[in-house]
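Student: With these hints in hand, go ahead and build the complete structure from the sequences.
The lines below spell out each chain.
There are 2 protein chains.
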Amino acid sequence: MNASNESVMNSTTATRREVSGQPPAREVTGGHSFEGRMLERLLERLGAPEIEFQLWTGERIAPVGCEPVCRVRIPSRGALLAILADHQVRFPDAYSEGRIEIEGDLVQLLETLYVAGARAPAPSGLGRLLGNLRRPHVNTLAGSRQNIHHHYDIGNEFYSLWLGETMAYTCAYYPSADATLDAAQHAKMDHVCRKMRLRPGETVVEAGCGWGTFALHMARHYGVKVRAFNISREQVAYARERAAREGLAGQVEYVQDDYRNITGRYDAFVSIGMLEHVGVENYEGLGAVVSRSLGDNGRGLIHSIGRNYPAPLQPWIEKRIFPGAYPASLGQMMRIFEPWDLSILDVENLRLHYAQTLRHWLALFEAAVPRVEQMFDARFVRMWRMYLAGSIAGFTTGTLQLFQVLFATRHNNEVPMTRAHLYT
Amino acid sequence: MNASNESVMNSTTATRREVSGQPPAREVTGGHSFEGRMLERLLERLGAPEIEFQLWTGERIAPVGCEPVCRVRIPSRGALLAILADHQVRFPDAYSEGRIEIEGDLVQLLETLYVAGARAPAPSGLGRLLGNLRRPHVNTLAGSRQNIHHHYDIGNEFYSLWLGETMAYTCAYYPSADATLDAAQHAKMDHVCRKMRLRPGETVVEAGCGWGTFALHMARHYGVKVRAFNISREQVAYARERAAREGLAGQVEYVQDDYRNITGRYDAFVSIGMLEHVGVENYEGLGAVVSRSLGDNGRGLIHSIGRNYPAPLQPWIEKRIFPGAYPASLGQMMRIFEPWDLSILDVENLRLHYAQTLRHWLALFEAAVPRVEQMFDARFVRMWRMYLAGSIAGFTTGTLQLFQVLFATRHNNEVPMTRAHLYT
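Chains as they are written, first to last, in the working numbering: chain A, 1 to 424; chain B, 1 to 424.
For the record, the hints were derived by calculation from the structure and aren't laboratory data.
Some clues are possibly wrong.
[Said to hold, decoys possible] Simulated coverage check for chain B against chain A, where a stretch passes if three residues somewhere in it have a Cβ under 8 Å from a Cβ of chain A:
| # | region |
| --- | --- |
| 1 | 306-316 |
| 2 | 335-343 |
| 3 | 393-400 |
| 4 | 409-420 |
Quantities reported herein were computed from a predicted structural model and do not represent experimental measurements.
Heads up, the beta-carbon is just placed ideally off N, CA and C, and yes, glycines get one too.
Tutor: Given below as structure tokens:
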């Protein structure tokens, strides 16, 4: 997985304790319609974000004592009623459909919502109940195929417009703030290979390989043999064609199959951006695959979007962008490793790198809007803009994290004493 | 806490899945007494360690097809019956009391037991039941005072014989394999300060400060003000005297109180080697203390012995060395952070550094044995040798881990993009 925007007008979950005080008051000008009062209440529940709302009635609902960060115009009763009924899904939907207008920076708007969300009161019992009634898409073998198809098979050309040269659709690593997207994606791949201390002649299994870039990078620059698994038909076709063109088909095998069907023994196991699609209920099973895939001196790395605490994926993202996806807390991720006596060597949180990666993606996306609109339509453009902008906000506000977890089999003492080798 | 030896003839727990095959067979020479057959059965349950046992009857019970790593002589029926009744406590007790003899290297013996233990079958229902009946010492406010008093108040002079100049009784950090103990302890303190990016004028609260060395180091080299909490009377007296002597009493305040009574707001929270004494049931409460102690750009570090998966402390260690102690898995440690929306930035596993630290301690301890025997007695010497040697084995075999967990408040974006600054 790549980037999943968190709470586009999200309420927080019951797992986190409340740590902040009361949200600030709001002022209403131009009358007090019933709908206006309902919107005020919703905004209170959302932690009173510093955003001004302008209704078709002429009402302005604005924060008191500070300038609003931006303005949202809701030009019809229908749009507001939809938002009031299910703001988490209908607000971003209304934006995608052009039924509301945003004046100001979309990323800032979403950051403001996130920061407010963090100080919002925990949802009521009813709110939690309704949240629990949402049924995310399941990750059975067949379910996962459908879920992955929904996102990754919408066209390789579309992704090539804004992912940069590497076609890497995961968080990059910026050794310096001014690194380009492509340089940062290469740096990420090297960072992961160095963490795993890959040596020529070794074998690696990759679970979820995207368009195959990382497998080729490992083969070319670290001299390893790679078997890379992926259930996205389009991605595997693209990756195979590329491996053949680059003369690496003998070193890299792409297997169009589920990670659960991985067989064989390898020196290392790696998975970049797949865990978000696995589902917590399958983590112990994933650990079984890791454990049976590794020899005595085995090690591996899992790179995934995560959370500070367990919380469901924002429902609009789950519904429109990433069906079946779930970013786990580090505690939840430990269910992969602990049952199998796998030893955690190193965890690095790269959330600010993902914000930067997404800024680069969004800029390329905006430059390609005319072409994207030709390929799809204006609604698709606004939907993806919302998703990318919301993801930036998720990472800058700490709503989302990015964990790289390096691990080894229990008795592996061939691990470096320090991490200095990563930085020389 | 410092170093807690794991399974001195330990059985493994139910939390870990079995990953290995059948233990090898054993050969018996010199007859088959009832006691000999019972010992054989015990050794099978322990994963058939490559150790030879010689009984008072003349029986030799040895591994088949390989040279034993070392020999244990059990010269009386009484000693064997005790071991058979409760090997986890009575085997190390018998060693401490001089009722058994070990021929060969004690660390190697214990490593062999650990490695065998990892391939041993999971304990039977009865074994688990008996394990659950053991009641470790509790960590209420009063219980913690007693537990800490038991270990840390046995005499500052004793500890000064083998901890080196720094009196730091926690895992050191060896930037190179040939670093001395004192250099490695200084490097550890700098490593932690750099991870936390301490700046002059900032304030730090330390939970569990030992003999006060780290608080002084932070004050002297990083220009911060420190309040350091500890419930060990002897340690606090020592630390205060030292701060005064070194002219740092204005910058460092030692408070003889429980971490639960920490008040005030600080830029950073640090705790090195206290978590082992907290108890998992108190982790969320510890997180509450951390959370209320930190401002918006707060960050901190917890350094603790840990596990690959949840398992009780080896019962002899819990009984004789560290009452109330428990090394947690990383998943369990997350109970400190997740309820409070604290963000994990970095986890580093230093288990091989603790093995090296312990080797240095054991060598200094052995050199001081005549003095220690004067201060206490021969039984005390053998008990501490068993504890230190077993701890080395715990870390070299991956039975124990050492985690440094760096964290920050959720909205803290003042964190460095990379960890390169730690290595330049």
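Student: Each hint should be assessed against the structure and marked as holding or not.
Tutor: Here is how each hint holds up against the structure:
For the region 306-316 of chain B, the assignment as covered by chain A holds, since 3 residues bring a beta-carbon within under 8 Å of that chain's beta-carbons and 3 suffice. Counting residues of the region 335-343 of chain B whose CB falls under 8 Å from any CB of chain A gives 8; the rule of at least 3 is met. Residues of the region 393-400 of chain B with a Cβ under 8 Å from some Cβ of chain A number 3, which satisfies the need for three, so the listed coverage holds. Counting residues of the region 409-420 of chain B whose C-beta sits closer than 8 Å to any C-beta of chain A gives 9, which meets the bar of three, so the coverage hint holds.
In this structure, every one of the numbered hints holds.
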